[in-house]
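Enquirer: Listed below, chain by chain, are the residues.
Number of protein chains: 2
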Amino acid sequence: MRHELILNNDNKLIFLILDGVGDIPNPQFSYTTPLEAAKKPNIDSLAREKGILGRIIPVDIGITPGSGPGHLSLFGYDPLEHEIGRGVLEVLGLNMDLQDGDLAARANFCTIRDNIVVDRRAGRIPTEETVRICEKISSAIPEIEGVKLLIKPGKSHRFAVIFRGKNLSEHLTDADPHKDHLPVVFSEPKDDKAIFASHIVNTFIEKVAVLLKGEKAANGVLLRGFSAKPAIPSFSDNYGMKALAIATYPMYRGIAKVLGMDVKDETKDYQEMLKALRDNYDSYQFFFLHIKETDLAGEDGNFPQKVAAIETVDPMIPEIYSLNPQVLVITGDHSTPCPMKGHSWHPVPLLLVTKTGERDGMAFHEKNCVTGSIGTIYSKQLMPLVLAHGLRLDKYGA
Amino acid sequence: MRHELILNNDNKLIFLILDGVGDIPNPQFSYTTPLEAAKKPNIDSLAREKGILGRIIPVDIGITPGSGPGHLSLFGYDPLEHEIGRGVLEVLGLNMDLQDGDLAARANFCTIRDNIVVDRRAGRIPTEETVRICEKISSAIPEIEGVKLLIKPGKSHRFAVIFRGKNLSEHLTDADPHKDHLPVVFSEPKDDKAIFASHIVNTFIEKVAVLLKGEKAANGVLLRGFSAKPAIPSFSDNYGMKALAIATYPMYRGIAKVLGMDVKDETKDYQEMLKALRDNYDSYQFFFLHIKETDLAGEDGNFPQKVAAIETVDPMIPEIYSLNPQVLVITGDHSTPCPMKGHSWHPVPLLLVTKTGERDGMAFHEKNCVTGSIGTIYSKQLMPLVLAHGLRLDKYGA
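Going line by line, the protein sequences match chains A and B. For the record, in the first sequence the residue sitting at position 326 is 326 according to the numbering used here, with numbers rising by one throughout. For the record, in the second sequence the residue sitting at position 299 is 299 according to the numbering used here, with numbers rising by one throughout.
Check each hint, because a few of them may be wrong.
No distinction is drawn between identical chains; accordingly, a pair holds when it is met within one copy or between any pair of copies.
Claimed, not checked - With a cut-off of at most 25 Å between alpha-carbon atoms, the simulated BS3-like pairs for lysine-lysine come out as follows:
hint: 1; residue 1: LYS12; residue 2: LYS395
hint: 2; residue 1: LYS367; residue 2: LYS50
hint: 3; residue 1: LYS341; residue 2: LYS395
hint: 4; residue 1: LYS242; residue 2: LYS12
hint: 5; residue 1: LYS213; residue 2: LYS190
hint: 6; residue 1: LYS355; residue 2: LYS367
hint: 7; residue 1: LYS341; residue 2: LYS355
hint: 8; residue 1: LYS395; residue 2: LYS257
Hints listed in this document are in silico derivations from the structure and should not be mistaken for laboratory results.
Working from the sequences, and respecting the hints, build out all of it.
Expert: Structure below.
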């Protein structure tokens with residue numbers, strides 16, 4: 001984006017992101033996709049009357065994106081240039097308060113015998129056990145040489161750690177052998193600036209090993225994905241809009257926070273999301289609404305559940321569109337096809353509801369999106385297109 | 001373009017550029033576009049029988065181009081790399097003779113009271129007034145310190161200036177407060193090399209102020225868009241073709257001249273354009289025919305007028321194609337959708353009439369172009385494609 005083309009006005013843009021919505025023709029369901037099979041009268045009538053269709057490729061052809069690159073590209077950032085580390089995504093997903101300078105890591109409990117990691121998942125101990133042991137560690141090791149420790153349990157054997165202090169470089173190797181039956185591994189600094197951070201991390205690992213000597217399964221920890229909050233240009237600065245993120249899942253609020261968006265906390269359901277949108281509509285120009293349920297159904301490989309997730313979103317549309325945004329975008333951060341039970345590389349269906357009067361006159365699903373007038377573009381090209389439709393971009397050249 | 005692939009032969013390529021031809025489905029006219037609604041039997045039968053379709057994106061997705069970038073990209077130049085300044089476009093549009101080393105500026109008369117610009121447009125004085133005052137300035141200030149002054153009136157309060165002399169750098173800020181009720185602004189040099197140019201420009205502004213003291217409305221001038229004829233590689237050198245531009249509007253002849261094309265002066269109407277094409281057909285390989293009326297209708301938001309403009313061009317086609325060019329290209333430099341009354345970012349419909357025997361079998365309009373076999377490409381990629389169809393590009397690699 002060329003900053004000098006950005007226009008300032010109060011035109012509203014709404015991104016309704018159905019996580020993992022993209023899918024592929026499903027042999028078990030007459031080769032339809034969930035978007036095609038779902039009854040979604042509100043979305044489809046908007047699509048037919050005021051909508052143009054297309055597809056977005058999150059990272060590149062054939063590349064399956066994680067949630068980080070999927071969302072960065074939606075918001076106009078080059079996902080190959082900017083990165084949100086795994087440790088950062090993990091602490092954001094656990095709703096931990098990540099601050100500038102923090103060093104974040106994904107972690108899990110493991111079983112160690114005679115300095116050999118015999119089970120990297122500590123027999124997949126139940127979540128309650130992880131909660132108990134995390135509390136034990138937090139009480140016993142609140143800090144190491146002035147570096148504060150923040151620990152939060154996840155599901156099963158997983159947890160996350162934030163090291164809060166000065167000079168904590170993220171240039172560290174994983175403290176994880178990555179395979180069972182290999183010796184314990186400590187974190188190595190990748191450069192001289194990371195020597196202090198590796199010392200703190202490794203001291204933590206040693207202290208925990210002493211503390212957990214009596215535990216049967218979980219008597220050690222593995223840490224990986226060391227990362228700091230990335231230095232990414234702010235969304236608002238880039239586009240000259242105040243932006244609000246409304247999401248039920250913490251990870252997506254976290255990603256929005258990393259991009260400098262304001263974040264509406266604690267929306268438990270779609271009704272609360274709509275209320276947050278309504279209540280804040282006058283104070284912002286850009287709104288990011290994140291729906292997680294489509295992705296969960298795709299991950300489960302559950303076609304009827306994904307259809308139901310889409311049909312549950314559809315009744316929100318009249319209220320959203322009654323706010324009269326200049327552009328309403330409905331798309332996903334990536335595809336999560338039910339037959340694949342996971343993220344995929346497939347282009348993501350895209351619907352733009354605009355005020356130019358143009359329309360493709362088609363319902364919103366993958367097959368129509370192939371022939372939509374937007375064509376197939378990269379996700380990072382979506383923001384300029386939406387800004388254009390939002391009348392927020394000046395002419396280039398005389 | 002890779003020069004080493006260029007082949008030399010006498011195959012003819014014709015670009016028929018309908019300025020701003022691209023449009024969007026129009027709710028007022030049953031969601032048709034002007035190209036779709038126009039009766040253009042000659043274009044459509046050529047399209048169906050020998051045509052392939054696609055779309056071109058002038059600068060980038062979401063970016064609305066001016067005439068400069070629109071045409072530069074059509075001729076295979078990267079519009080982000082090469083630029084034709086605003087001052088240059090203005091003097092070209094007024095048919096002034098721009099030479100190497102000239103410094104060009106857009107200008108207008110304004111009203112100044114107590115060193116405050118109270119009206120940047122001098123009450124939009126009539127064109128006759130501007131003609132009279134421009135003559136007054138030309139007589140009184142023919143040169144400043146050896147720098148010759150060329151002044152030409154435009155419409156209403158607008159005019160253009162060429163400063164002709166040595167060491168006239170274009171690195172100058174606008175001598176324009178850009179808003180009413182702000183103090184008079186002089187031009188500042190952006191670097192040391194532009195000190196002399198800023199001195200000349202500001203001396204001109206001061207001399208004019210003294211000269212126009214008695215005028216009621218137009219007692220000052222604002223100058224902006226300082227620019228020199230850009231150093232752009234010649235079209236003929238790039239592609240190994242002699243090129244002729246035929247256009248009724250001076251700005252497009254001017255752009256062609258900047259690219260080193262020969263220019264046919266004074267074609268008043270389409271019959272004269274056809275005659276110029278016929279008379280010069282043997283002496284050139286590339287022909288750029290520019291039609292302005294489609295853009296004018298789009299700018300006016302006048303759908304029937306745009307339909308009529310297309311229908312007026314259609315009868316030219318049999319005579320143009322009877323010359324038997326290797327490739328006939330019909331497209332635009334950008335879209336000017338009637339509902340938007342101005343240039344837009346929308347991809348531009350593209351028709352290539354070729355001699356390969358291939359065809360898409362469809363009439364020429366935006367909707368068919370979405371599914372045409374060329375696909376959606378960047379305008380700067382059009383020249384290589386046309387050269388290929390013109391059998392003017394060698395194989396790359398063994």
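Enquirer: Hint by hint, note whether the structure agrees.
Expert: Here is how each hint holds up against the structure:
1. LYS12 / LYS395: within (20 Å within a copy, 34 Å between copies)
2. LYS367 / LYS50: both (18 Å within a copy, 16 Å between copies)
3. LYS341 / LYS395: The answer is between: 13 Å across copies meets 25 Å, while 44 Å in one copy does not.
4. LYS242 / LYS12: within (10 Å within a copy, 50 Å between copies)
5. LYS213 / LYS190: neither (30 Å within a copy, 70 Å between copies)
6. LYS355 / LYS367: Result: close both inside a copy and across copies, 24 Å intra and 19 Å inter.
7. LYS341 / LYS355: between (37 Å within a copy, 14 Å between copies)
8. LYS395 / LYS257: between (31 Å within a copy, 24 Å between copies)
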